[in-house]
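Student: Make the full structure from the sequences, and use the hints.
In case you want the letters, here they are:
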Amino acid sequence: MAAAALTVDHLTKTFRLHSEKNNSLKMLIAGKKRNRYEEFTALRDVTFDVKEGEVFGVIGENGSGKSTLLKCMAGILQPNAGSVHVSKRMSALLELGAGFHPELSGRDNVFLNAAILGMARREIAGRFDEIVEFSGLESFIDSPVKTYSTGMYVRLAFAVAINVDPQLLIIDEILAVGDVTFQQKCLEKFVDFRNEGRTIVLVTHAMNSVKDMCDRAIWLTHGVVTGEGDPAELVEAYTEMMLGDRNRNEDGSVRRGSGEIQIERVELFVGASETPVKRFRTSDSIRLRLHYRAEKSVPKPVFGFAIEHLGGATVTAPCTRDVGLLPASVSGEGYVEIAMDNVAMLPGTYDLHTSITDFNRQHEYDNLHLALRFDVMTGKPYETGGLVTMRPTWTIQS
Amino acid sequence: MAHRNLLYLLSLKELRTRYKKSILGWAWSLFNPLSQMLIFTVIFIYVFKASAPIGDPSGLKNFPLYFMSGLLPFNFFSITVGVSIGAVQGGAGLIKKVQFPHEHLVFSVVVAQFITLMIELTMLAVAMFIGGNNILPWLPLLFVVLIFLALFSSGVALMLSAANVFYHDINYLWGILSQILFYATPIIYNPATINLRALVLIANYGPTGSFITAIHNIVYDLRVPGTGRLLELAVIGIATFFFGLWVFNRLSPHFAEEM
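Chains as they are written, first to last, in numbering that gives the first Met the number 0: chain L, 0 to 397; chain G, 0 to 258.
The set of hints was computed from the structure by calculation and includes no laboratory data.
A couple of the hints might just be wrong.
As the list claims (entries may be wrong) - Residues from chain L that face chain G, not an exhaustive set, calculated with beta carbons under 7 Å:
no., residue
1, Ala73
2, Ile75
3, Ala114
4, Ile115
5, Leu325
This structure is a prediction, so every number in the text was calculated from the model and none was measured.
Note that beta-carbon positions come from the ideal geometry of N, C-alpha and C, so glycine has one too.
Tutor: Below, the structure is given as structure tokens:
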């Protein structure tokens, strides 16, 4: 088993919540009577370790103690009890461009920022060109950063941070910076890091990145570790909880929404058959039927389906608004059917999520998560990779 | 040594950004002491009709030179402490987001101010030469005293800037305290001409008074301050520095939480 790159041992962190934050000598002199505060425990007895070369995720809702944990790991906050042990050169990216000075040029700021992140002068000089190239700001590097746009600023900051060459990288949801091209660059760098066997701790809300990238994860709830292990399972559990754990049905589906109109059940048919099934083959023609019941008249409802692969990727998500199918109002019972011919989905297990929303897709009347799970079995054509087939025609010229 | 690099770059930033967006730039660092000199010379000579102290053994009798040789080192001390308090408080964004040795926020101010002092003293040396004092052979000794002054200033700056994170009163308190210290230090007067015994004692033996008296001895009188005096400065400088560093290091792990 690989050695631990980071060990968090029975970490507890409490904050004092002053009713009125007042940093004055008067309070010190006036004595303890006035200095009332409540203790708030942000982290309670948190223990875990991150192995060398592992990509480790930390998930949790707002206020769960993620940021506090991050700051304790980075050495910015001091724990009240327990300890954090880091055995590698660490770089914690909590904020990009912390310490940038607007009047200084990009070049000077690169040197200053890298020094703050703990790099020696020679090291920075050696990596300078790489940093500038990564940021794509070659022609602006000698202008003061106050003339930069927000995007340029962030790009330069990220370029510095990622080039500090850490063996252990702690990231706080900052991968989503810059435009699409730059994001792609960041992602590539991130994957490089992973392939080079560096250790990464990722603290994020972005569930897909946790599922895709992490080897292991923990789940924090109100400062306590409530789950540890396989990221896919944790994310599933987390998502369900976020969607409302009280509405979990016996069949595993999760319901939320205001309820004026409800999804009764969802059925899957193959071909012209009227017998509901739970599997079909690639290139079958299928129909999905959503039965609804409305207590009262609901104006302009939009019915939506989403088919998601078990791995988390959404294959397709059509809704009635996309095709302009807009009944003025719906009441009573009925069903909506969607037919798909010659389905291109490849073998695997898929989940169907359904929803009924208002016209703006903002208000949810009903949302049935995991309404149906079905399997696609081997049909024609068959491909080993991917989720769908484009029914390719091959030619080899020699 | 990544941290020495950080100190170097922070000091450089401190120096480079100080007079950005001003037409006269660095000249401003001279205008302030020069205007003070003008004011106090007028008050001293024309209002109070006092005469300038006579350098022993240099024989120099020039109030502006006497005033400047005291004011410049004192300003170094008082500005270093004041700016350090602001630098740590203003470093909140950094302190809350990055782990780095916080004391460098203070040291970089000390280094930048010390370099400024060197430039100012070079000009004073020229003025002294014109006035009749050749201080060139005295520079090594002056430098030693200034190193002790820098240590003393760093110590006070470390202590107060750390305390200020917890109680912002320190910032305001320093404004008043530095003013009191200015008058309790022999800059605009010659302690030998004063009848108030308490003030003479403070002026001669208070911490800032000790430094300024020694510097007067070297650049105005052109004589070596007593060994006892030099020893005193060494002890004050080194002890204050290490005590300040100790206080700062005890408080700095809690900065991020307080800010």
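Student: All the hints need checking, so say for each whether the structure fits it.
Tutor: These are the hints, each one checked on the structure:
1. At a threshold of 7 Å, the smallest CB-CB gap from Ala73 (chain L) to chain G is about 5 Å, leaving the interface hint in force.
2. A distance limit of 7 Å between C-beta atoms decides the matter here; for Ile75 (chain L) the minimum to chain G is near 5 Å, and the interface restraint holds.
3. A hinted interface residue such as Ala114 (chain L) counts as satisfied when its beta carbon comes closer than 7 Å to some beta carbon of chain G; here the least separation is about 4 Å, so the hint holds.
4. Interface hint status for Ile115 (chain L): upheld, as the beta-carbon distance to the closest one in chain G is roughly 5 Å, under 7 Å.
5. Because the beta carbon of Leu325 (chain L) sits about 49 Å from the nearest beta carbon in chain G, more than 7 Å, this interface hint is broken.
Checked against the numbered hints above, the structure breaks only hint 5 and satisfies the rest.
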